[in-house]
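Counting in this note's numbering, the sequence shown runs from 2 upward without gaps.
Please keep in mind that the hints were generated in silico from the structure rather than gathered at the bench. Treat the hints with care, since some could be wrong.
[Claimed, not checked] Within a straight-line C-alpha distance of at most 20 Å, the following computed DMTMM-like cross-link-like pairs (lysine to aspartate or glutamate) qualify:
1. Lys93 x Asp120
2. Lys107 x Asp65
3. Lys107 x Asp163
4. Lys93 x Asp65
5. Lys93 x Glu128
6. Lys77 x Asp67
7. Lys77 x Asp65
8. Lys103 x Asp86
9. Lys103 x Asp163
10. Lys103 x Glu169
11. Lys93 x Asp67
Since this is a predicted model, take the numbers as computed values, not measurements.
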Amino acid sequence: MRIKFGTTKQVGELFDSDHDTGIYVEKTTDDDIVRVDVGGAIVFEDIILLDRNNGFVWNEDGNDIDVRFETNNDEKIIFIDGANDTINFGTKNTGYTFNGAKVIPKVQIMNGEGNTNIDFIIRAASETAALGAFLIWARSRGSDGAETIVQSGDRIGVFRADAYDGSEFLTIGSIEFHAIGTPAVGSIEG
2 MRIKFGTTKQ VGELFDSDHD TGIYVEKTTD DDIVRVDVGG AIVFEDIILL DRNNGFVWNE
62 DGNDIDVRFE TNNDEKIIFI DGANDTINFG TKNTGYTFNG AKVIPKVQIM NGEGNTNIDF
122 IIRAASETAA LGAFLIWARS RGSDGAETIV QSGDRIGVFR ADAYDGSEFL TIGSIEFHAI
182 GTPAVGSIEG
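Using the sequences plus the hints, can you model the full thing?
What follows is the structure, given as structure tokens:
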């Protein structure tokens, strides 16, 4: 299907031959909205929102909608799980049991194919900068944009290794970073 308009802005729509699948293009006061009706039964409204001020928004209404990107060899190279609010690379399985507790990570990387054992690389290249690849575990109390100071004993980050025992993943080793003492502006020990 292709929607083609002339030089004037107008409301447009396009259906397939039996009129059960269509694309609607709407111009509202501030937004250009694309609505998709698939098979006459599944209706996606406000899924794609194009706004000159806010850019591209997918799933404006916050519905439970999954998004999947495929490559030639991986049908789940990127999978966004709408129900669990997660982004998965290489898998559609969102949650697992670790040490007896169900864990649903916000981001997950899975390499289950091929003969490589490398799942994640942080790489830096520069002709002039002396700095190399960099990874930060950052922790605050409060909320995003309204952070507050951490407290003594707060866990800042963890490197952890888990192995599958036949029914769940169990921790076999870890390195943890904690704030200690009395954190203050310009002074946090760990």
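*Check each numbered hint from earlier against the structure, then list the numbers of those it violates in ascending order.*
5
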